[in-house]
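**Student:** For this one, chain S is given, so just place chain U on it according to the hints.
2 protein chains.
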Amino acid sequence: MIHMILLFVFLQPMKKLYLDDGSSLHPHLGPYFSDGQRRVDYVLAYEIEKPSSIRHRSSRFSGNKFIQRLRRSFNRSSSRAALHPKADPEIAAQEQRTDYHEDDKRFRREEFEENLLEMGLELEKDERSKIPEMGFVKIHAPWNVLCREAEFMKLKMPTKKVLNPSTHHQFNVRQFIHKVTAPLHPKIEPSRPQNVKSLCHPFSREKQHLFDLSDRDRFFDSKTRSSIVYQILKRTRCTKAKYSMEWACYSVFYKYQPIGLIRKYFGEKIGLYFAWLGVYTQMLIPAAIIGVIVFLYGCATVDDNIPSMEICDPRNNITMCPLCDHACSYWELVTACGTARASHLFDNAATVIFSIFMALWAVLFMEHWKRRQMRLNYTWDLTGFGEEDSTHTAHWRCCYISDLLFISFFHFHFMCLCVKLTCTDRMPAYLTTMVTMCFLIVLTFAIVFGVILYRISIKAALHMSNYPAARSNIRATVKTTAAIINLIIIIILDEIYGSIARWLTTLEVPKTDKSFEERLIFKAFILKFANAFTPIVYLAFFRGRLVGRPGKYLYVVGSYRMEECAHAGCLMELCIQLCITMLGKQLIQNNLFEIGIPKLKKLLRRRKSDLDSKQEEELNRTMQRYEKDHFLGPFVGLSPEYMEMIIQFGMVTLFVASFPLAPLFALLNNIIEIRLDAKKFVTELRRPIAVKAKDIGIWYNILRGLSKVAVIVNAFVISFTSDFIPRLVYQHMFSPDGTLHGFVNHSLSYFNVTDFQPGTEPVEPMHLGYKVEICRYKDYREPPWSSTPYQLSKDFWAILAARLAFVIVFQNVVMLMSDFVDWLIPDIPKDISVQMHKEKILMVEVFMKEEQGKRLAAQDNQNQDKCASPSSDNQSPPQPRSRPISHAN
Amino acid sequence: MIHMILLFVFLQPMKKLYLDDGSSLHPHLGPYFSDGQRRVDYVLAYEIEKPSSIRHRSSRFSGNKFIQRLRRSFNRSSSRAALHPKADPEIAAQEQRTDYHEDDKRFRREEFEENLLEMGLELEKDERSKIPEMGFVKIHAPWNVLCREAEFMKLKMPTKKVLNPSTHHQFNVRQFIHKVTAPLHPKIEPSRPQNVKSLCHPFSREKQHLFDLSDRDRFFDSKTRSSIVYQILKRTRCTKAKYSMEWACYSVFYKYQPIGLIRKYFGEKIGLYFAWLGVYTQMLIPAAIIGVIVFLYGCATVDDNIPSMEICDPRNNITMCPLCDHACSYWELVTACGTARASHLFDNAATVIFSIFMALWAVLFMEHWKRRQMRLNYTWDLTGFGEEDSTHTAHWRCCYISDLLFISFFHFHFMCLCVKLTCTDRMPAYLTTMVTMCFLIVLTFAIVFGVILYRISIKAALHMSNYPAARSNIRATVKTTAAIINLIIIIILDEIYGSIARWLTTLEVPKTDKSFEERLIFKAFILKFANAFTPIVYLAFFRGRLVGRPGKYLYVVGSYRMEECAHAGCLMELCIQLCITMLGKQLIQNNLFEIGIPKLKKLLRRRKSDLDSKQEEELNRTMQRYEKDHFLGPFVGLSPEYMEMIIQFGMVTLFVASFPLAPLFALLNNIIEIRLDAKKFVTELRRPIAVKAKDIGIWYNILRGLSKVAVIVNAFVISFTSDFIPRLVYQHMFSPDGTLHGFVNHSLSYFNVTDFQPGTEPVEPMHLGYKVEICRYKDYREPPWSSTPYQLSKDFWAILAARLAFVIVFQNVVMLMSDFVDWLIPDIPKDISVQMHKEKILMVEVFMKEEQGKRLAAQDNQNQDKCASPSSDNQSPPQPRSRPISHAN
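Quick note, the sequences are listed as chains S and U, same order. Residues in the first sequence are numbered consecutively from 1, following the UniProt record's numbering. Residues in the second sequence are numbered consecutively from 1, following the UniProt record's numbering.
For the record, the hints were derived by calculation from the structure and aren't laboratory data. One thing to keep in mind: the hints can contain errors.
Where chains are identical, the list cannot tell them apart; a pair therefore holds if satisfied intra-copy or between any two copies.
[As the list claims (entries may be wrong)] Heads up, simulated EDC-like pairs for lysine to aspartate or glutamate below, C-alpha to C-alpha not over 20 Å straight-line:
| hint | residue 1 | residue 2 |
| --- | --- | --- |
| 1 | LYS794 | ASP779 |
| 2 | LYS778 | GLU151 |
| 3 | LYS511 | ASP831 |
| 4 | LYS849 | GLU114 |
| 5 | LYS692 | GLU114 |
| 6 | LYS370 | ASP831 |
| 7 | LYS269 | ASP695 |
| 8 | LYS269 | ASP325 |
| 9 | LYS680 | GLU246 |
One chain only, chain S, in its complex shape:
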């Protein structure tokens, strides 16, 4: 029973029939059996393999009779133990590689079909299809099977009772919003009045009279039928709503998504993904607007900014120490004017407010999503589907058994088969995971360090070169190539890490599909996150900080001095890196991986079936829908989509203090992303299985974690990367007039050029046209003439204390505000909770009325009985009212 399902190579749901539920019959497109009566609820496809490929594929286990016998016996015992595994297409696709002899296969397939028949399903075979070597089995679930399974699954079905939500006056705001946003809603003719909602109750055959069975064919919609068939160890089928094409279209990017229809077609899990993506995109709008305002504020105030004015004023005439050994010379601060002005765009008082805002925004987003999720749960009647059902769906992975077999085969204790893996069995896998993960993270660091070394050495080499053209373009060249190298490495490693994470998770042999998915996501997230953020973290917190001081520089790998930033330049470089990473990653991943590669794969699959174009066209007209779908790519889960968005969410929240335009970039990307994903799911991939889900699972926890980390990261960016705190301290502790005048001078320390270590002094000391005796550098150190020259000064410690105090205050204030917002906004929207309460009361009333009716009928019966035999009084249970109370006084 467990392995049976692996015999069908393509477990393919029907899709793209362009039929509404219960529309007229199209015999040649055939959502019905050949008798035209019974619906096709499901189609299984299998390969009739060529003898040659069999021999080749099944070589691994061929002849190993022992294993086969073991499997068969295990198979029998496991079906007795009533394990109900579900295969998903991903695993099924992997399992194509687990091979058996062809006759063994047919034998098992027949047994499997037998079992299906025993479960009450009806089958129709079609092996003479137009695709060579493919057989199809169509499946129909009759009414009684549907009822039985619906009862087991405790499906909430609409009863006859209909709830008219009262139109209270306080809902006016909602109605107003609805009216205003009307043009944004997708054009769907509602099948029933929007305000009317059937009361739903877990289906029970004994209570059939409660349910609205006026149209049995429509009572279970196609998605439900499909999940029911899937529940009996298979996949699902569901007609496609004809309007979903409008949704998967770029031109409607400004419209809300038809989430209800998406859910009806793809199931709750994918519905939730698109709903989440929608909420995220929607929430990005205010963030993007405020980000742009902050940026514009920076632009507007750039001319009033005293520090950059002082830097740009040539009268100040400040001579700076060289930025590198030997090749570089002294330079005048006024040349950093452009960078200083540009960095003001991202480093001003508004940025601090903006990053507090973004921390609260993240919390609001989570809260908003929780409420939206609750609302969807209510609309989709998932409110009862919780705890118990989720333990129910935590089925054993279908490859778990074979993996176990594999492990125990090598460990030589077969007795272990029927019990669980002990810790000792799992230890090697966990150790491997730990070691590999650590190694990969170290590798990521090493690569970032490699890029740094590349930058340093190229810079040094270019500085040494004799061509003045090369030297003038040094900075641009180095920055551009380094950023592009970084980007390419990130994208390549992303793919590699994904595969490694999957491999590691397979090694761990998780017991259930759910735990497999969670472990995989967790690992992939850590690796990809480290990959994407290591260069950014380096730029934000380490670049230009580990340089030592003039006369005592820090050297790496022999004689390379660590790179310095230009005055106020680190923040700018961080901005550039963020910008390139966000844009590049999104553009390349979207275009190449999400559109290009699936198209390529589809093409290849079509080529593989050895048909020339003319034949193909001919086929295209005559092929059944399910035969066409055979050429589409399989659905590999939502993880890559979520992962991409989560990394983006990280970019938006973690370093928003240094790049206020990040939300705007994310917004623009997401508007395209929604329609892109929609198009991909609708046209490029086989229809995924409808999976029920109440929430977005582990992703929510990751989001929470990210928004927590974002607070502390932003605190550090503001206090350590930007000059916000030194400016504040200068203004309140050192400034003679309370303004920033003199700040630049105060932030620069003095260096006596005679203190240069031999060999590090500039080659051209007269580069500026005059002899330099004292040069300046950005640090808070004692001047050469103090008693402790070049030691960290009191100002340094005071400013450090202020920076740290700011981190503590910022972190705790924002955390407190977040918790407060979290606590303030109820998780369940008010109107939903009121409606749920009303439904409950109505339900009790319905039952109560039924009860009364029954009792009256029973009393009538009893009375009739009494007439017949007056001695039947002392029957139990005693009837109410049979012993009235005595009112004593």
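**Tutor:** Chain U only, in chain S's frame:
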């Protein structure tokens, strides 16, 4: 229907019958109706009021016919809208004051009884009881009513199927623990084998055959019957397990609590409280042990502590500046030797580790409790009882309607009655709450400040006095009196704040009981927390910090200098304050409020019924159990019990860095507390209503909040209150040999006595026997001979930066570790989740078998039909197997 319930003054469940379920009949103690057949499931009590008291009581609304008519009409409409309010005894007790005319009352009571009869309940009246002017109505719920309500409430009832949990080898540890702790388990003969657990399923009358109905009288246990009757707008009755007396007994303090029985008797909510208290006490054991170890480590290393050795060494001969103006003189550091040695007991390296441990301990406690709660939920079959049920139980408070009436009466918009209160209606109440809360918190601060002023002025006065005896005892006198005053104020304000919180919550008119309780708890918590912790926070973070410096002291209220601590003395005072608060509060509150006052109230109530002792004894023998219970105090909810424990939890976690013995004190208190509460609930109070609850509600969130705040508070205590960071900085930055030698000297600044402001110099400068020119004080400031005398030195800023850095590192590391531990420990214990999964599978199997049986029977029927009429083939739905698939090849 809503007001009816208010007519019965005492809605009193039966208690202390010392009967097991279904034991033999005791006709004179009477848990049965007078016919000896029907059980008494519930007893209502009502007063037959004297005419005099009626006139007096009902004066408020008497004659206001309009209100009465309104109420009646509202009453009718609300019963149609099917609101099912539940009164709780607390509210019912309050509502005694809402009065009506006696005849109106009788009329309504009769209507109410009618309604009860209509619901299928059976009543028996007993107005000629031995208590004058009291009437009792006994209630019996017949079988069919029980079944109906059980179905509505989706009660999980045991089916015939029994689950034998497999005794896997990995449970050995559990069994071992069970065996080892066997003497700790209370002596209960289990009614069924412990390892056997009936499968439970929501009760349904249609599926009665699934349930174990062999003994109808026992099928619904008394608690269930009671909640069922309660569900029909009343209270509950349940026989008392005879062994629960063992539990409510001090001599068994070392034994586990019989949680299952407590829950059976008191219901889930109180069961959870005792379970929580048990888990908390249990978790305190390791904390107490490690706390003692840390303390002992301090004791053992006190002689190796270099700073205190230096202080105690008379050769160092350090002259300190006077601690107060004028009256005080210079003093030698060696006199602070004792304090320095004592403070080492609480301020050493082990304390830091201990407070990290305690932060993790708090997380572990929360996790342990979550798991325990889950286990209890499973054992008590509450796993399905969630979301929906909790919205269901969120009933309207029964005084909500009358409050509404009251509000709308004064606001003159009666139309508002049937809809909800708008924001404008609630605004005044919210504003009042805000203002009052702020005022009370300011009051708390003011009182603490008053105590400080008291200390300062008494100290000054005593210093000025001429009696040397008074002067020598200054410190002890001031400290003791101040601490006792603080304690008394805390205890008095605690009671006042509790009442104010209740009053404020009543003003807000919360809609449901749950929201009433939560708002009340929230307010009471904030006030009581501020009350208990303000003096401690002042001692920990402000005392001795706001003193200014010699020559420039800070003065309050004219000429009082802010109090200073002796060298390393602040930590000691914090310890003493914590010690006194914990011990005093617990002893006084336990003895006085929890034992004394209830006893007093009971006595008063008995006195009120005007009986002399002889008559009383006579009565004691003849009175029915429910008549005796009438003299017990009402149950006022669990909030005070929880509140006490939460404040204690705060003491244990928040300031554990300064007082490692706190867990030990808490443990000792709690061991008594459990039995004290048990005794109180069993013997002193009327039996509380069995309320279903899945968790401890808002308290869990408060605990979480506290454990979060604890991290940051401990970080600040370690880095700012203790000398841990300065010692560390000295050792690594300033010490010549890497030890603490010279630390004391380094931590003291120099002061030139000629810089004293006129009038502040000591009266007796020659007190020490020599002329002082330079005195020392504890601060990091420049010496008098520097260019900027008495300014904060570089060392100060460096140490401040180190302190702040420590706070950031400590907070984030501990938070990360907490989250990691939280993530590492699954919320549902492994064995429980495995068993839940097994139950589920078994349940499906049972249904499946039943299904197959039915189908076979149907087929047989069909075959018989076929024999009779062979043309009945094309009936719908089509039978499975009727159209076998064609194996094409």
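**Student:** Hints first: check each against the structure and report whether it holds.
**Tutor:** To see whether the hints hold, each was checked on the structure:
In this homomeric assembly, LYS794 and ASP779 come within 20 Å of each other (Cα to Cα) both inside a single copy, at 12 Å, and across copies, at 16 Å. For the homomeric pair LYS778 and GLU151, neither the shortest alpha-carbon distance inside one copy (74 Å) nor that between copies (77 Å) is at most 20 Å. Proximity of LYS511 to ASP831 under the C-alpha cut-off of 20 Å is restricted to the inter-copy arrangement: shortest distance 15 Å between copies versus 40 Å within a copy. In this assembly of identical chains, the alpha carbons of LYS849 and GLU114 lie at most 20 Å apart only when taken from different copies (18 Å versus 45 Å within one copy).
In this assembly of identical chains, LYS692 and GLU114 lie within 20 Å of each other by CA distance neither inside one copy nor across copies; the values are 28 Å within and 48 Å between. In the homo-oligomer, the alpha carbons of LYS370 and ASP831 lie at most 20 Å apart inside one protomer (15 Å), although the nearest pairing across protomers, at 30 Å, exceeds that limit. In the homo-oligomer, the alpha carbons of LYS269 and ASP695 lie at most 20 Å apart inside one protomer (8 Å), although the nearest pairing across protomers, at 29 Å, exceeds that limit. Proximity of LYS269 and ASP325 under a CA criterion of 20 Å is satisfied in neither setting, with 59 Å inside one chain copy and 74 Å between copies.
In this assembly of identical chains, LYS680 and GLU246 lie within 20 Å of each other by CA distance solely inside one copy; the values are 14 Å within and 69 Å between copies.
In summary, the structure is inconsistent with hints 2, 5 and 8 from the numbered list given earlier, while agreeing with the others.
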